[in-house]
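Asker: Given these sequences and hints, build the entire structure.
Just so you know, the protein sequences line up as chains A and W, in that order.
Residue 30 is where the first sequence starts when you use the numbering used here, and the numbers rise one by one after that.
Residue 30 is where the second sequence starts when you use the numbering used here, and the numbers rise one by one after that.
Incorrect hints may appear among the rest.
When chains are identical, the list treats them as one kind, so a pair holds in a single copy or across two.
Unchecked claim - The calculated DSS-like cross-link candidates involving lysine-lysine, where the alpha carbons are at most 27 Å apart (straight line), are:
(1) Lys-108 to Lys-440
(2) Lys-316 to Lys-432
(3) Lys-123 to Lys-108
(4) Lys-199 to Lys-309
(5) Lys-154 to Lys-137
(6) Lys-80 to Lys-256
(7) Lys-184 to Lys-199
(8) Lys-123 to Lys-432
(9) Lys-436 to Lys-123
(10) Lys-440 to Lys-123
(11) Lys-80 to Lys-316
(12) Lys-346 to Lys-137
(13) Lys-436 to Lys-108
What the hints contain is simulated information worked out from the structure, not anything from laboratory work.
All figures in this text were calculated on a predicted structure; none of them were measured in a lab.
Protein chains: 2
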Amino acid sequence: MPEIMITELDAVSPDFPGQLQNLLAWNESEDLDIHRQVLDIIADVRRNGDKAVIAYTNRFDHRQVNSAAELELDQNSLKSAFGSIPTDQANALKTAANRIRSYAEHQKIESWDYTEADGTVLGQKITPLDRVGLYVPGGKAAYPSSVLMNAIPAKVAGVGELIMVVPMPKGECNPLVLAAAYLAGVDRIFTVGGAQAVAALAYGTETIPAVAKIVGPGNIYVATAKKLVFGQVGIDMIAGPSEILIICDGLTNPDWIAMDLFSQAEHDENAQAILISPDKAYLAAVKQSINNLLPTMERAEIIRTSLSTRGAFITVKDLQQAAEVANTIAPEHLELSVENPEAFSQHIHHAGAIFMGRYTAEALGDYCAGPNHVLPTSSSARYSSPLGVYDFQKRTSLINCSKAGAKELGKTASVLARGESLFAHARSAEYRL
Amino acid sequence: MPEIMITELDAVSPDFPGQLQNLLAWNESEDLDIHRQVLDIIADVRRNGDKAVIAYTNRFDHRQVNSAAELELDQNSLKSAFGSIPTDQANALKTAANRIRSYAEHQKIESWDYTEADGTVLGQKITPLDRVGLYVPGGKAAYPSSVLMNAIPAKVAGVGELIMVVPMPKGECNPLVLAAAYLAGVDRIFTVGGAQAVAALAYGTETIPAVAKIVGPGNIYVATAKKLVFGQVGIDMIAGPSEILIICDGLTNPDWIAMDLFSQAEHDENAQAILISPDKAYLAAVKQSINNLLPTMERAEIIRTSLSTRGAFITVKDLQQAAEVANTIAPEHLELSVENPEAFSQHIHHAGAIFMGRYTAEALGDYCAGPNHVLPTSSSARYSSPLGVYDFQKRTSLINCSKAGAKELGKTASVLARGESLFAHARSAEYRL
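Answerer: Right, dumping it as structure tokens:
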């Protein structure tokens, strides 16, 4: 196999900021044709309900569905899917589900209020979403871990009804995905996918109930549909390619770091894996490990393409500079393979998740450590957060003015409303004086 | 003046669900021409920076700016704006700012972590956004209260730098808006507006720094620009027309309720004000109050159009049914003008803010009660929340596995990764066994 080519950058170079921007640049080009197709599908599902959903499902998924009732899987089929998988997989799913649930319990936000001296009560009331839709891709890229990560926080939040949609191309379905849905407590499952599934969840059909929010990953049709129904329902983020940034002091086994980079790169050709170290010789050692290990990998070609087109090795003058680069990148996954990761992590302001210390491989977090693997990509960790229980809860402000409180507040409101020429506001407040 | 015509519905009627959907329907039609203009402005600002911003500002705001430095207002001009306004307005702004700040302090989310038996540490770290942009409309519809409501939660969150943009058409600026910016602690102000201001905040120019998130209301150009830069930066919600739903048991002075409906309707012709009561005679009394009071209102024509095209009176069989209708509407503002509002509010699951009791006019909440007046519109209270401190904070997951923890977790991760055919994930975990 030819040696791998990986971009090498030096953070001390004056050209570095521009080079880093080029490395990170990711523009999902808007495909107007897909946009138009998805708009048509949504309009059709809104107009024709089940009939449209069945037609698209038969056409795109090569199925022969006659009635909408056939689209739903009952709880028994989930239970028997769980019963059918090997014991080690069933136990691993159970361990993961329990740990994800324990962590999620810490994220619940609670209602609060306080009473002022004059008896006025102010607060915020927290309620779960009534009904949530979870999109799960079908076919090859069927990930049971993704079912657990999306469904469990919703159930912990107290969502009344969690509806999963998963396409069943040619009638085939991954039993691990159904087993995960069983463990996570999914309430109903419909075997539909694509833009038609998103439209059905957003607007409802005779058979598929409308939800308040749609979460979960999907292909470009699903992502476009989610963008287009946003407003009618809430959505989670539209994810870009997955990324890892590893900062290493040069003292971790280079094979370990090479494999951590691979674990990101194997997702797809556009995944991005970057390694930063102050130790140039160490970067060379990791490169050697990559060349040694790559031929042994099942997805060697995907890994090679990802690392050579989007990967990078960055030399820094010290770990402080590494932290600065990390804050610029705001990576989805940040591995701190350094001696004192707790102290070092204080310098990190922007990252989806931080994997601290030489033993914390990102893969542990992807499956079973507990925190969510749905994380902000494409530098959006600058302003957004991992998926969590809080994404399935919402807040309502509470204001209960006492007679005395209304009198005091009314004077202030009246002055400000008149300053904004909103006289009905002013008079409404003045009535309570 | 002619009697006002207001839609009257009866929740007991079998046609009611469909009638209610028609009443609430609000489709912001996508204007492709505006979309294209805004795309061009964004591309121009990305390419030409300050030069483009100056050109658009001179053209759209009828100004003669020569250098980008002229676009910035220094802190002294804010301070002197505050000094220039009448004492009663200065005091009202101060009271409002203090109350908004006190309430916001209750919303701060805090970091947490926990240590497992084998020494593995899991947690979530909370950090404020580095830099936030606040859009403030200029000209006539300049609302100082909106500056306080958007800026104060950001400052309470600990945002490093808060950048306000406000257009200054023909060089004119509302001193109340600048005074509010001074009180709220805005760090820098640029007198630019429109799509060019949003583009400058999203991508940065030589003079205007790039931010992580843009909040604040604006016209259709601003809203379109915010949608188009989303992903590059975070944004708050794109607001629809403002709405109020009032539930009254029939025992509140009908003039008060009429004026509360007016206070929503005076915002604009598309604003929506709805009154629900089990007491038909009371609804007639409020209608009488509306007809009596309307001729005395400064914005009578806007109010009349809003109430007659989008307003409604709904008769229900009892307050329980009123709560059900409210949950279907999921209103931005919900006034519970009833005898025991605390008990009744337990039945409300979806609302942006609840104003409880006869003394709590919505106007008090709009200005100075404390809770934010930026609230989810168009039924989005089903899945989203008032603007708050939490919108200016973000979370990072923390995972620090002990050697023993990595050994246990590694086994589970390995089984699940192999189940998903992600072999690099599996081997990365297995290295730590």
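Asker: For every hint, state whether the structure bears it out.
Answerer: So, going through the hints one by one against the coordinates:
{"no.": "1", "hint": "Lys-108 to Lys-440", "in the structure": "between (62 Å within a copy, 24 Å between copies)"}
{"no.": "2", "hint": "Lys-316 to Lys-432", "in the structure": "between (73 Å within a copy, 26 Å between copies)"}
{"no.": "3", "hint": "Lys-123 to Lys-108", "in the structure": "within (14 Å within a copy, 61 Å between copies)"}
{"no.": "4", "hint": "Lys-199 to Lys-309", "in the structure": "neither (52 Å within a copy, 58 Å between copies)"}
{"no.": "5", "hint": "Lys-154 to Lys-137", "in the structure": "both (13 Å within a copy, 15 Å between copies)"}
{"no.": "6", "hint": "Lys-80 to Lys-256", "in the structure": "within (23 Å within a copy, 33 Å between copies)"}
{"no.": "7", "hint": "Lys-184 to Lys-199", "in the structure": "neither (30 Å within a copy, 55 Å between copies)"}
{"no.": "8", "hint": "Lys-123 to Lys-432", "in the structure": "between (55 Å within a copy, 22 Å between copies)"}
{"no.": "9", "hint": "Lys-436 to Lys-123", "in the structure": "between (58 Å within a copy, 17 Å between copies)"}
{"no.": "10", "hint": "Lys-440 to Lys-123", "in the structure": "between (59 Å within a copy, 13 Å between copies)"}
{"no.": "11", "hint": "Lys-80 to Lys-316", "in the structure": "neither (55 Å within a copy, 45 Å between copies)"}
{"no.": "12", "hint": "Lys-346 to Lys-137", "in the structure": "neither (41 Å within a copy, 37 Å between copies)"}
{"no.": "13", "hint": "Lys-436 to Lys-108", "in the structure": "neither (61 Å within a copy, 30 Å between copies)"}
In this structure, the hints that do not hold are numbers 4, 7, 11, 12 and 13, in rising order.
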